[in-house]
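Trainee: These protein sequence lines are chains A and B, in that order.
Take the first sequence: its position 12, counting from 1, is numbered 12 in this note's numbering, and each next residue is one higher.
Take the second sequence: its position 277, counting from 1, is numbered 277 in this note's numbering, and each next residue is one higher.
Treat each hint with caution, since some may be false.
[Stated by the list, open to error] Chain A side only, calculated, beta carbon under 10 Å to chain B, not exhaustive:
1. 3
2. 4
3. 6
4. 10
5. 13
6. 163
7. 165
8. 177
9. 189
10. 190
11. 192
12. 193
13. 194
14. 195
Don't read these hints as lab results, they were simulated from the structure.
As the structure is a prediction and not an experimental result, all values here were calculated from the model.
Ideal Cβ positions, reconstructed from N, Cα and C, are used throughout, including at glycine.
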Amino acid sequence: MKSLRTLKFRGVTLTRSGFAGVKLSYMESSICIDVPQPDGCTAALYTHNHPRHAPQTPPQVPVYSPFAGRRVAPGERLELVAGVKLLTVHAYSLGYGGAEAHPKGVGVGFLLEFPTRLRVYHAGDTDLVDEVLELRGLVDVAFLPVSGRGVMNPEEAAEAVRTLRPAIAVPVHEETISQARTFKRLAQPYTQVVLMEA
Amino acid sequence: MSVERIVPPSMRFKAISLQEYRKAYAASIDDLQGFWSQQAKGLVWKREWAAAVAGLGPSTRWFVGGELSPYENVILRHKETNVWSKTAILYVNENGEGHTLTYSDLDSLAERVSCGLRGLGLSKGDWVAVYSPPNVESFAFMLGALRAGLPFEPIFTGFSPAEMARRVLRRGAKALFVTPSYLRRGRLVDFMGSGKTQLEKLAEAGIKVIVNDPAGAYESFTGFADILENCSAGAESLESSSPLFGLHSAYADGFKPITHPAGGFLVQTYATSRWVGLRPRDTVFCTVWPGWITSVTYQFFGSLMLGSTILLYDGAPDWPSWSRWIDMIDSYAVTVFLTTSSALRMLSKQDSTIFAGKNDTLREIIVTAEPLEPEVWRWAYTTIGTLPYPVVDSNPGKGGSIPVLSMFIQSEVGTFFTGNLVNYTFTHIEPGSSGPPFPGFHVDVVDDLGNSIRGKPGRLVLRKPWVSVPVEAPEEFYEAWRNGYYDTGDLALMNPEGYVYPLGRRDEVMKVSGYRLSPGALEEAARLAGADWALALPLRNPDRLEAPVLIYHGDAEEEEVIRAVREAVGPIATPVKVIQVSGKPVVNASRVDLASLTRKGELESVLRLLSS
Chain A
1 MKSLRTLKFR GVTLTRSGFA GVKLSYMESS ICIDVPQPDG CTAALYTHNH
51 PRHAPQTPPQ VPVYSPFAGR RVAPGERLEL VAGVKLLTVH AYSLGYGGAE
101 AHPKGVGVGF LLEFPTRLRV YHAGDTDLVD EVLELRGLVD VAFLPVSGRG
151 VMNPEEAAEA VRTLRPAIAV PVHEETISQA RTFKRLAQPY TQVVLMEA
Chain B
1 MSVERIVPPS MRFKAISLQE YRKAYAASID DLQGFWSQQA KGLVWKREWA
51 AAVAGLGPST RWFVGGELSP YENVILRHKE TNVWSKTAIL YVNENGEGHT
101 LTYSDLDSLA ERVSCGLRGL GLSKGDWVAV YSPPNVESFA FMLGALRAGL
151 PFEPIFTGFS PAEMARRVLR RGAKALFVTP SYLRRGRLVD FMGSGKTQLE
201 KLAEAGIKVI VNDPAGAYES FTGFADILEN CSAGAESLES SSPLFGLHSA
251 YADGFKPITH PAGGFLVQTY ATSRWVGLRP RDTVFCTVWP GWITSVTYQF
301 FGSLMLGSTI LLYDGAPDWP SWSRWIDMID SYAVTVFLTT SSALRMLSKQ
351 DSTIFAGKND TLREIIVTAE PLEPEVWRWA YTTIGTLPYP VVDSNPGKGG
401 SIPVLSMFIQ SEVGTFFTGN LVNYTFTHIE PGSSGPPFPG FHVDVVDDLG
451 NSIRGKPGRL VLRKPWVSVP VEAPEEFYEA WRNGYYDTGD LALMNPEGYV
501 YPLGRRDEVM KVSGYRLSPG ALEEAARLAG ADWALALPLR NPDRLEAPVL
551 IYHGDAEEEE VIRAVREAVG PIATPVKVIQ VSGKPVVNAS RVDLASLTRK
601 GELESVLRLL SS
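So that you can see chain A by itself, here it is in the shape it has in the complex:
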């Protein structure tokens, strides 16, 4: 059993939902990232169009993504609900040893800034690319993929933490608990890792 279901940080309640999904509740709004069934969400953000991240049919809430709803592209800034600002960033794999699971320009990551000054980064499906490291000093909470299949492995995600230095880091997109634990062990000196119930 993991202990943490929700985490309140500067007025925002963070919850994991599924494989790589995250729900960010603030005031009366809930912003969901990569939640395939965004019930109860005010807005649904998707990093890319893969089955464990996005629904097959568009949900009944405003959608922000690179492939459906309000289309967003890396580098784009816009305001979501309740004064929450969104910066879209690159997310792609480098294709070590084979085909690229996530070619550059197709998927994105999201950096959200809440009016309470909380900055939450959901990396999407990405390797440890320069665009991730450029967010140094801009992140309070980081949700980072750790499975190593088309995304960062635990060592690379820990390397990202060493640069980004978020106050809180949460591994997502793990296929085994040991991936999350390896990330935890390596990243903990540079952040506070928490394993959240999915």
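Fit chain B to the given chain A structure using the hints.
Mentor: Chain B alone, transformed into the frame defined by chain A:
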């Protein structure tokens, strides 16, 4: 007695030889003034002291003439560092609902609390009290008090509302922080129901009762959210010997307040916290709660002074199962686990598979509060203290790669003062011992005449004043110095190498699961229930070290006596045995002698002595 020697188990720690330790220790004891003056330089002083030490024995004062801001030394010292944006507190309740703050967030909240307390009319030197399980708001309240120069007393919620109210009044506290409800084993504990009468009594006496309830509206009380305000007042500075915080400690006839000084306590805490290994990159999980010295010193002051992250768990250790704490170590990447011998004894009785593979960030386990038997030490070392992956190990084949370190603490002393120090003098570990004395503390074990003895049980004493000698203490504290040294009231054995083996209390004061309890307080409760004579004694207990037995004479039913103890003192003091005697006894033995009999399990002998 164990003769086993465990060398520091991992190359992550630097071991030193006993000769090196003895040299460092002797140097510190020979020049305590120089030693502690050097340690004090680690703090930020507004005005340096004129004399490092003045006075004698229990009246010794350190860093006389010095002035410092406690809040600056605990929080603001991190302002221009990386620590400022890192996690300060990670709180979680039984439902897995968490709350986190960075050091910067915590400072903002504590500042608003301090302004609110000033707004309520409190000014520097006024006492405040806290009666709450660990949570963000209670810690912010204590920090707000620190910022405003208000000494505080945290009161353990295992004490009853009646005992809480007595302590608040005895302190002359002008404000009290309470948490109205919390989850325990899945059920909501309604303190506003059970404690309302006492709170109203305090409010009528002019004490501001501050309730930690964002939704609450209370006629005679104030909401925590309502006191939060902004102001331009800075962090207060205090004279070195000004009161910083206080606790009630147990003595033969009751619980009595002691107060630690700002300068000495912070110096002693900052030094020992570094020695036991706390660092900014640590996440510290302390299972001892506010209201006991270990928590105040190492969970609150020490962890924050060193910039560590504090994990606060507001819940029961066995809910929903005994894997709760180890799951927390796993989920929150805990590096330092600080717990009690009683807790380890309970954990050691559980299925060991629940602990497997969940300790991979753990670096050390510190155990406090009472003797730690070698077999329990061994269990902790091989079950929790063994990493799930191989490390370069200086102890091959014996299991265990994380040191399990028993340490000795007492409220009057303020910090640990014996134990193996991973970040200072790390000599071999002897299971069952609480290590050698810390440098800077002149610890000895003596016979009744004050002669040092080795290899036999004796009185655990401090021959010279420590830096945080209480500035307010009851008569018993001064009496404990009557032979020119401080008698802790504990029994211990010091082996020829100088390792200390605590053996429990020597007097009639009880240690129940590491909690020091006053027999006099239990007897008073029995009298309230209608007993005309009562005697509380410590009965040996395999799980809790000791548990109270209450013998009484009078009309009250046994159930009434038990209820009275729970109401007057608290659930932790509930007697495991209540014996009603038919005639009012004439006692021909001292209470200390009777306690030593019950500690040996000879309750029948005590009853015979009473009936005669």
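Trainee: Going back to the hint list, which numbers does this structure go against?
Mentor: 6
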